[in-house]
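Asks: Okay, here's what each chain looks like letter by letter:
There are 2 protein chains.
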Amino acid sequence: MKSSPIFLDTKPVAYVIGDGALAYSEKLLDSYPRIIVLVDENVEKHCLPVFREQLPNVNISEVISIRSGEEKKNLDQSVYIWNRLTQAKVDRDALLINLGGGVVSDIGGFVASTFKRGIRFVNYPTSLLGMVDAAIGGKTGVDFGNFKNQVGVFADPDIVVIDPIFLDTLEEKQWQSGFAEVMKYGLILDRELWRWLYGKHFKEIEDWNKIITRAARDKIDIVRHDFREKGIRKNLNYGHTIGHAFETYFLNTGNAVTHGQAIAAGMICEGWLSTEAYELEWKQLQEIVNMFDINFDRLPLSDAHIPELLQLMKQDKKVRGGRLNYSLLRKIGKAIHNIEVDSNLVIESMKFYINN
Amino acid sequence: MKSSPIFLDTKPVAYVIGDGALAYSEKLLDSYPRIIVLVDENVEKHCLPVFREQLPNVNISEVISIRSGEEKKNLDQSVYIWNRLTQAKVDRDALLINLGGGVVSDIGGFVASTFKRGIRFVNYPTSLLGMVDAAIGGKTGVDFGNFKNQVGVFADPDIVVIDPIFLDTLEEKQWQSGFAEVMKYGLILDRELWRWLYGKHFKEIEDWNKIITRAARDKIDIVRHDFREKGIRKNLNYGHTIGHAFETYFLNTGNAVTHGQAIAAGMICEGWLSTEAYELEWKQLQEIVNMFDINFDRLPLSDAHIPELLQLMKQDKKVRGGRLNYSLLRKIGKAIHNIEVDSNLVIESMKFYINN
Chain A
2 MKSSPIFLDT KPVAYVIGDG ALAYSEKLLD SYPRIIVLVD ENVEKHCLPV
52 FREQLPNVNI SEVISIRSGE EKKNLDQSVY IWNRLTQAKV DRDALLINLG
102 GGVVSDIGGF VASTFKRGIR FVNYPTSLLG MVDAAIGGKT GVDFGNFKNQ
152 VGVFADPDIV VIDPIFLDTL EEKQWQSGFA EVMKYGLILD RELWRWLYGK
202 HFKEIEDWNK IITRAARDKI DIVRHDFREK GIRKNLNYGH TIGHAFETYF
252 LNTGNAVTHG QAIAAGMICE GWLSTEAYEL EWKQLQEIVN MFDINFDRLP
302 LSDAHIPELL QLMKQDKKVR GGRLNYSLLR KIGKAIHNIE VDSNLVIESM
352 KFYINN
Chain B
2 MKSSPIFLDT KPVAYVIGDG ALAYSEKLLD SYPRIIVLVD ENVEKHCLPV
52 FREQLPNVNI SEVISIRSGE EKKNLDQSVY IWNRLTQAKV DRDALLINLG
102 GGVVSDIGGF VASTFKRGIR FVNYPTSLLG MVDAAIGGKT GVDFGNFKNQ
152 VGVFADPDIV VIDPIFLDTL EEKQWQSGFA EVMKYGLILD RELWRWLYGK
202 HFKEIEDWNK IITRAARDKI DIVRHDFREK GIRKNLNYGH TIGHAFETYF
252 LNTGNAVTHG QAIAAGMICE GWLSTEAYEL EWKQLQEIVN MFDINFDRLP
302 LSDAHIPELL QLMKQDKKVR GGRLNYSLLR KIGKAIHNIE VDSNLVIESM
352 KFYINN
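Residue numbers (our numbering), protein chains in the order written: chain A, 2 to 357; chain B, 2 to 357.
For the record, the hints were derived by calculation from the structure and aren't laboratory data.
Treat the numbers as computed from the prediction; the structure is a model and nothing was measured.
Don't take every hint at face value.
[To be verified] Okay, the calculated bits of chain B under chain A, using three or more residues with CB under 8 Å as the criterion:
#1 13-27
#2 42-53
#3 69-83
#4 147-156
#5 279-293
Glycine residues also receive a C-beta, built at the ideal position from the N, C-alpha and C atoms.
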């Protein structure tokens, strides 16, 4: 069966989404005089051959391979890539293709946007998280000084090509990680998507093409309306305010958890806050907790960790004038942002997650 | 006499220019909840006291002091500033004031634009080069891998405050360096300005307020029309294609010359190219060479350095598809860009500079 992906030409970014996107995208690369591909060692092994096979006429001038893993999303690897680009005498007309998961598109987008004050880049996400989230929306950057994405810029890729073909290369943990973001779209703005998912373990999902297309479009709609996160885009932060503290905590201990594990936990805490500090019904909270518990083990935390977690939250990029606002749920499928929450309630929400 | 500076509210940047600009600017800073000031050690000593005196009601939360000098415009100092901002728990509402010359505004603009994906910044240039050039136009960045401004972004400050009051703190060499850019505006687009300057050594200039206001407005006009340097802004590169190679060469040897010394030499070479490869009259070339020789000693170069200089030019950010285009003069007061020049002529132009 010949597949036909969706082509969305939303200025300044074009999207190609769904089965067949990879092959379809070849013609879109025609106009770039020189193409460099950024990968990590896993992607180089498992995905780059697929890319070459599906886009046989693309002439790759250089392949730059970095080390995989969130703990490698740092300035040292940026320096390595800037050096490689310099050595290869890459000029401003060149294109950087970020072929990989969120780490590759985050770091690659940052490096491209800052090399010679900006060369163009294109994202080919290979992980579920990349396809539904990281590759879309122009947030680029690296971790710095123990804080996630502390150094980076908002910068749009020219094109994002989302082809589920790469999902087969994913380890289970990465697959699970992206699934947390898919569930988030259901919770904050797409009740129908939530219904498709509800009650299922991610391994039971059959039509990933449909799920990914839906989730990616949910994200595209939001970032088109609010690229710089002044308003509605903040809804995407549901689960991330507390979730980022969890993620940073485990990253710093050397026992990194996936982004999905961290924000799944964050969404339980912030779900509880949505009930206690806002209007989410207790019954819907139960539904949310239930769904996350089907898909994720609880993180190994105890009440004793809470002070350190609160400390980490003070460095969140979302802090303004020293205060931290939350994106909470009004009900499943509807979120609201800029809700200030008393820090005692935040502590209680973590206790709820840890002890219930 | 009470001075009244010019206030230009050109979105997205506001400019305050001329005697009295510093005091005038105080009210513009009212809306920023937290202010951090970036300086180098010289500026901290000579200019920060003037700033505090003229803006007594501005509450400076942190002063970050970096090391001065073009050879310190690097990633290490950026890391130092990112660390200081992190330690001070600076959030996205904060403002970074870049008080200093081109190094401070280049590095400060880059660091601000990339910290937490961008905090706002304001430039208070203290050098002549900063006032008429570096602080205007949104080019930020650091040198990397022996190449000037290899890593950086286009990012506009909210406000640029240009007050000649700081000129008194300048060393002669810095003063001279900025004067090369002032002369350049005369050559590429402002024959009247050239006439004001012609025949004078920079120490003979009396009305700096008038000269700086004129030169700054010349630059503002260009960058407003072509922020990302797709067209007319390229005219500003007159003297810089060859000049940057000179600057990089001396920087790498450890005997750095000023930016002005390098581009003054570059403007003689590219003036010669304007005559040989384009339509500049020989008589006007003589006038140009004469004026630069009044103000600058020739750089200590010999024909033997030419191959290395050509090699450096291949890494210029202006290289596109492997080729380097020049901005040349049609006549004094009128430039043209995107002129391709045979590399033999470039070699000849350097020989002209070295031997005549």
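Asks: Take the hints in turn and mark each one as holding or not.
Replies: Results of checking the hints against the structure:
{"no.": "1", "hint": "13-27", "verdict": "violated (count 0)"}
{"no.": "2", "hint": "42-53", "verdict": "violated (count 0)"}
{"no.": "3", "hint": "69-83", "verdict": "holds (count 3)"}
{"no.": "4", "hint": "147-156", "verdict": "holds (count 7)"}
{"no.": "5", "hint": "279-293", "verdict": "violated (count 0)"}
Hint violations for this structure: numbers 1, 2, 5, all remaining hints satisfied.
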